Amino acid sequence: QVQLVESGGGVVQPGRSLRLSCAASGFTFSHYAMHWVRHVPGKGLEWMAAISYDGSTQQYGDSVKGRFTISRDNSENALFLQINSLRSEDTAVYHCARGGDYLDKFDMWGQGTAVTVSS
Amino acid sequence: EIVMSQSPATLSVSPGERATLSCRASQNIGYNLAWYHQKPGQAPRLLIYGSFYRASDGPARFSGSGSGTEFTLSISSLQSEDFGIYYCQQYHKWPLTFGGGTKVE
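Protein chains in written order, with the numbering used here: chain E, 106 to 224; chain X, 93 to 197.
Rather than coming from a laboratory, the hints here were simulated on the basis of the structure. There's no promise every hint is true.
[Said to hold, decoys possible] With a Cα cut of at most 30 Å, we get these calculated DSBU-like pairs of lysine-lysine:
{"#": "1", "chain 1": "E", "residue 1": "Lys170", "chain 2": "X", "residue 2": "Lys185"}
{"#": "2", "chain 1": "X", "residue 1": "Lys185", "chain 2": "X", "residue 2": "Lys195"}
{"#": "3", "chain 1": "E", "residue 1": "Lys170", "chain 2": "E", "residue 2": "Lys148"}
{"#": "4", "chain 1": "X", "residue 1": "Lys131", "chain 2": "X", "residue 2": "Lys185"}
{"#": "5", "chain 1": "X", "residue 1": "Lys195", "chain 2": "X", "residue 2": "Lys131"}
{"#": "6", "chain 1": "X", "residue 1": "Lys131", "chain 2": "E", "residue 2": "Lys148"}
{"#": "7", "chain 1": "X", "residue 1": "Lys195", "chain 2": "E", "residue 2": "Lys148"}
{"#": "8", "chain 1": "X", "residue 1": "Lys185", "chain 2": "E", "residue 2": "Lys148"}
From a predicted model like this one, the values you see are computed outputs, not experimental measurements.
Next comes chain X alone, as it looks inside the complex (with noise of 0.2 Å):
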């Protein structure tokens, strides 16, 4: 099994800054990666795929880069409504994993 790691757990950000995600995967996957936002009694939603493509309706703050086994999630200025969980999910090999989360406060 491909274990996805995320870092950091927490993250403090103030509305307007920018933010960094992380995650590593325990193996070489590629570009085979997504990343997801949940928000508290809400459904995940995709923000970006195949590591840098964003998805339809993503916002173009968010950008993702790296492959491999290391990727980054960056968020250029931090809106209201980017609060909650970011998850890591790699779709290269089964079975499917995600990353533990980082809870953007």
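Bound-form chain E, shown alone (with noise of 0.2 Å):
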């Protein structure tokens, strides 16, 4: 079955950091680019970063660079990202997706995993 899973959400105190999985499985995931993007309630889809297939590349939005960093494993056929300096407006929840090309849409999401900021 094709699939992402993601975790590593919970509540987390503002400044903190946290590090986020993404847990690919039915495809062949060191074929295809992986992006984080996350959805705040009531609000749209943003787009935090990418990372090509063999890991040698990435990109960020500008709301997150220097704070985030994504990573993978493809030998643990496994997605990262690294948040830190946690903010109130990082509170959301965080979606692996799967892409075609780096520069691509999103052909594959996981359920994503809820990340609050809270004191």
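Hints given; two lone chains; assemble the complex.
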């Protein structure tokens, strides 16, 4: 079964760090670029970060550049997002999504993991 | 950054009726546009890419059109499972950006 399953979310205090994970299965993970997209309930979707199929290049949205780091482990079929210096505005559901090419649409999404930043 | 704008914000449609959603890009993006459908508590699902190509499991009642800066998603006969929020997304240039969404109710 082709799927993406996120984990690692929770309630975190402002200023702390968090590492999100995404487990991929049912397809050849190392052939695809991968992305993180967040959804603030009541607001829209915001693309966060992308990583090429081999992990050699990354792109970030302006609002998270310098605080977020995307990485992957193709031997474990896993994608990661390290979030530092968490802010209240980072509260959202974080989805991992599969791209085709590096600059591309998202043809598959995980259900998401919720992050709440609160003291 | 390419700004994506969607209209209307909310669309009230009855089952069986036709729905037309619009998406505008702040600069020319060619055909590099995708449409997604999201229901509450669920992940978004790709419907259309390349402005008019239907995703592999996309129903035939969905169709996309447009190029450059003006795009349209049409639903020929709305079904109950089609209610929710529709987003457009450009993948012409970094950063990837989404429209604010159209809620179909």
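*For the pair we were handed, X:Lys131 and X:Lys185, check the Cα-Cα distance against 30 Å.*
holds (27 Å)
*Is X:Lys195 close enough to E:Lys148, meaning Cα to Cα at most 30 Å?*
Between X:Lys195 and E:Lys148 the Cα gap is close to 11 Å, so the pair holds against 30 Å.
*Would you mind confirming whether the straight-line C-alpha gap from X:Lys131 to E:Lys148 stays at or under 30 Å?*
holds (13 Å)
*30 Å limit on alpha-carbon distance, applied to hinted pair E:Lys170 and E:Lys148*: holds (21 Å)
*Does the alpha-carbon distance linking X:Lys185 and X:Lys195 stay inside the 30 Å limit?*
This hinted pair holds, its Cα atoms lying about 26 Å apart.
_Against the 30 Å threshold, does the CA-CA distance of E:Lys170 and X:Lys185 hold or violate the hint?_
Holds - the C-alpha atoms of X:Lys185 and E:Lys170 are around 17 Å apart, at most 30 Å.
*Does the structure keep X:Lys185 and E:Lys148 at a Cα separation of 30 Å or less?*
holds (23 Å)
*Straight-line Cα separation of X:Lys195 and X:Lys131 no greater than 30 Å?*
holds (10 Å)
Of the numbered hints given earlier, the model fails none.
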